[in-house]
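Trainee: Chains as they are written, first to last, in this note's numbering: chain X, 2 to 290; chain V, 619 to 926; chain B, 356 to 617.
Think of the hints as simulated: they come from the structure by calculation, not from any bench. Treat the hints with care, since some could be wrong.
[What the hints assert, rightly or not] Label pairs and their computed distance ranges (CB to CB):
#	chain 1	residue 1	chain 2	residue 2	range
1	V	Arg915	B	His362	29 to 35 Å
2	X	Lys123	B	Ser426	49 to 55 Å
3	B	Lys420	X	Met226	43 to 49 Å
[Claimed, not checked] Covered by chain V, per the in silico footprint, the following chain X stretches (three or more residues, Cβ under 8 Å):
#	segment
4	81-90
5	146-155
6	210-220
7	272-282
We put the beta carbon where it would ideally sit given N, CA and C, even for glycine.
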Amino acid sequence: MELFSFLHYWVTITAIYSIFALSLNFQYGHGGLVNFGQVFFFCFGAYTVAISANIGVNPTVSIVLAMGVSGFVGYLMSYTARNMGGTYWGIATLSVGEIVRLVFLNEDWLAGGANGISFDVKIPYFATLTVILTVISFGFTKMVMHSPFGRVLKTIREGDDLPLSLGKDVFNFKKKTMVIGGILGGLAGALFAYQKQFINPEDFFPIETFIVWAMVVVGGRGNDMGTLFGAIIVQIFYVGTRFAKDFLPLGGDTLAALRMVVIGLLIVLIMMYRSKGLIPGKRRIYKVE
Amino acid sequence: MYLMMPQLVLNSLITSAELAIVGLGLTMCFDILKFANFAHTELAVMGAYLGFLFNVQLNWSLPLSFLLAAVLTGLFGMLTDRVVFKRMREIGDVIPMITSLGLSIAMRNGVRAIWGSDIRVYNVELSAGTRLLGAYITPSQIWLLSIVFVAMIGFHLLLKRTKLGKAMRATSDNRALAEASSIDTEKVVLFVWFIGAAFAGLGGCMIGWDTQLDPMMGFMIVIPVFCAVLLGGIGNVYGVMLGALILGFVQNFGIFFDFGGIINLGGALQIVDRLMIPVDYKPAIPFVILVIILLFRPSGIMGKQKGK
Amino acid sequence: MMLLSIHKLRKSFGGLRALDGVSLNVEEDTVTGLIGPNGSGKTTLFNVVSGFLPKDGGEVYFKGKRIDGLSPDEIARRGLIRTFQIDQSAVEMTVLENLLVSSPSQAGEKLWRVIRSFGKVLREEKDNLNKAASILDLLGLKHLANEYAGNLSGGQRKLLSLGRMLMAEPVLYLLDEPTAGVNPTLIKDLLAFLRREVISKKGTTIFIIEHNMKVISSICDEVIVLDSGLRIAQGTPPEIQNNEKVLACYLARRRKPEGESN
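All chains should be modelled from the sequences, with the hints used to inform the complete structure.
Mentor: Below, the structure written as structure tokens:
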């Protein structure tokens, strides 16, 4: 029974992080936007759900609301990406993520400040729901990327000049990329809130962004299947090492630290040797007579 | 606030000094190698903890520990370039930046794994500090300011008066041209890493001495350091010093500044009562300044001028 | 009719005046060459006209309407499409994808449409694919249709960039040194291709920067000569080749336009 409930938990968490990773992969892998503050979508999604659940809004509406709020945040953030190069935008998004967290931390009236918010709404068949939503998110990104819209994103990823010279409104595409990233990130955050039933600013440190970066990097940028794979791998590793405590003479904090060392080195090694990711991407083959 | 003024000035100078000595290496690396190194501030952590190893665990003197820590950190910096970043010279700015992110995670957690998350301090007597011009200054702070000052002067002389400095400036201005003038730019790069990392490591020791050691100390200053670098203009070694000064003062004085005064046009109008940055938001100051710079003037206050 | 009219265009970089109040016109349905010594401002002219560089002063008219100040994608949508000196092929996309993305006004590029008018999007894709296939045939690149553009040789990439232009069906082609670095046999093929597929068709105008005088003589009706950001001469290829001013400005920089002494 314990194993079952543990698996239940693991599947749910992995599904949530998969959706979160898909949101990042959409922005970076497909759109070429390096977001080091991805956690702010997660944060807005989670808090939206927590606040609305507390005033009695039903889960479906709360989740949709969370996606909407985060999508809107993505829309606003896209304006910062307009004239900023990749590096600067990475630094800027990291900063914005922290500013957002600090606001939630200090503004008690908003969402409980450091104490956070808790609520008591359970969603039935939650694990199944998260898996279904993961599959839908995956399907959605696949569909988008297989369309002409996705094709333009792929060109933008390599630089603005070519698509601009062909008449593509690059900024508009970037806006939409950020909105989609926001919607998915908000969905992940919303589900996270329902899973935990209690959220506070400590759930939204930059490390959350870095973990999904590891997932995306492992799986291969632009490769959604790979991202899912990366999410599963990282989650197995995370959870697996929790059990290592019973076998290795290491303290909890040391183990947690070592876990992060491996995550960090994983990112470094993959970027050094396999910057396209571990999972080979498939190219789109057309039949031409 | 006026009673606290001298202390605030001192605190600002301390913050500025810390940011400057760590930021120097970052601005050079950013300029010559064209990527944002998120692992740079972790070199400060490494230096601080190496200092701890020598001073507390091996019981060596503080000066020797710090010197050794700085040198070893410098060597480690060179090592990271050789092993990790050298292969990424022509690959653009995004991949090295992501790599540096992974490296920073590994470094700070490596320190955490070895020395633990508990706060550490060096083997020095606690001092209440002496009174100086209305503020209290501790020995560690005197040393910090002096060493950073000397380091900045020394670096300036290196840059302006030596052949190596000339090579550094040439490489920073136009790498291809420097290569063509038979400057071994890879050697210059290695040296830049060494100096930048050693300074950062030394800075970490100083910070640890003035306050305490904590594995997150590097990550806590990564955005302020980037802020100082960008304020002054990437690659501008004098700019980062200026940026550090500005940020140091703004961070310490910022919470006392009444923006209401500006809005009310100095008392001429009465639109708002008082508009001040809440104390809780003091940590947010560097983040906000950074975002503003990136949005409106990414070339920094001093712009593209290099240390000419 | 003057398809492209440039009036007293100025552009400086720091103290350097790349375009010094240059004025010129490109007539519709012609192949007009743009030559000049290195640094005379040719590519800068292209960059400003196509919207990639902001101007300092002057006006640019395309199809009778002012386009200076518009964004590059707006200008491209009006039918002015340019190539780049350094090949900009999307290397992580296949040759076909490079072509497919070049087709103008695709409904499927609006995300909403993908959902709402799915049938229409599918049909457009099919038409696009056919168009791309026939262009590949013409370019002799069909066997590389599903190959990553990054794996193509330099010459093949030049062909691909021409292919993209054909897909985009521009009113005005701005070609920036299309034969640079291409071997002479391929140049012959490229020129033949241009004559067959582009020049002979009505309603296409080419404005081409070239250093290779043989190419210029081969396809240009009119040649404009630029030096130090100003137009110093204009005429047919033979007229230009014998123009003393032109020869002088090349000699002054000790440079001869390529292809002259062969």
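Trainee: For the range 43 to 49 Å, tell me whether the beta carbons of Lys420(B) and Met226(X) fit it or not.
Mentor: holds (47 Å)
Trainee: Is the hinted range of 49 to 55 Å satisfied by the C-beta distance from Lys123(X) to Ser426(B)?
Mentor: 51 Å Cβ-Cβ, so the 49 to 55 Å window holds.
Trainee: Taking beta carbons only, do three or more residues of the segment 146-155 of chain X come closer than 8 Å to chain V?
Mentor: violated (count 0)
Trainee: At least three residues with a C-beta closer than 8 Å to a C-beta of chain V: is that true for the segment 272-282 of chain X?
Mentor: holds (count 3)
Trainee: For the segment 210-220 of chain X, does the count of residues with a C-beta closer than 8 Å to a C-beta of chain V reach 3?
Mentor: holds (count 4)
Trainee: Using a Cβ cutoff of 8 Å, are there at least 3 residues of the segment 81-90 of chain X near chain V, or does the coverage claim fail?
Mentor: Three-residue rule met by the segment 81-90 of chain X, so holds; n is 7.
Trainee: Starting from the range 29 to 35 Å, see whether the pair Arg915(V) and His362(B) falls in it by beta-carbon distance.
Mentor: Holds, since Arg915(V) and His362(B) (Cβ atoms, about 33 Å apart) stay within the stated range.
Hint check: a violation occurs at hint 5 only; the rest are consistent with the structure.
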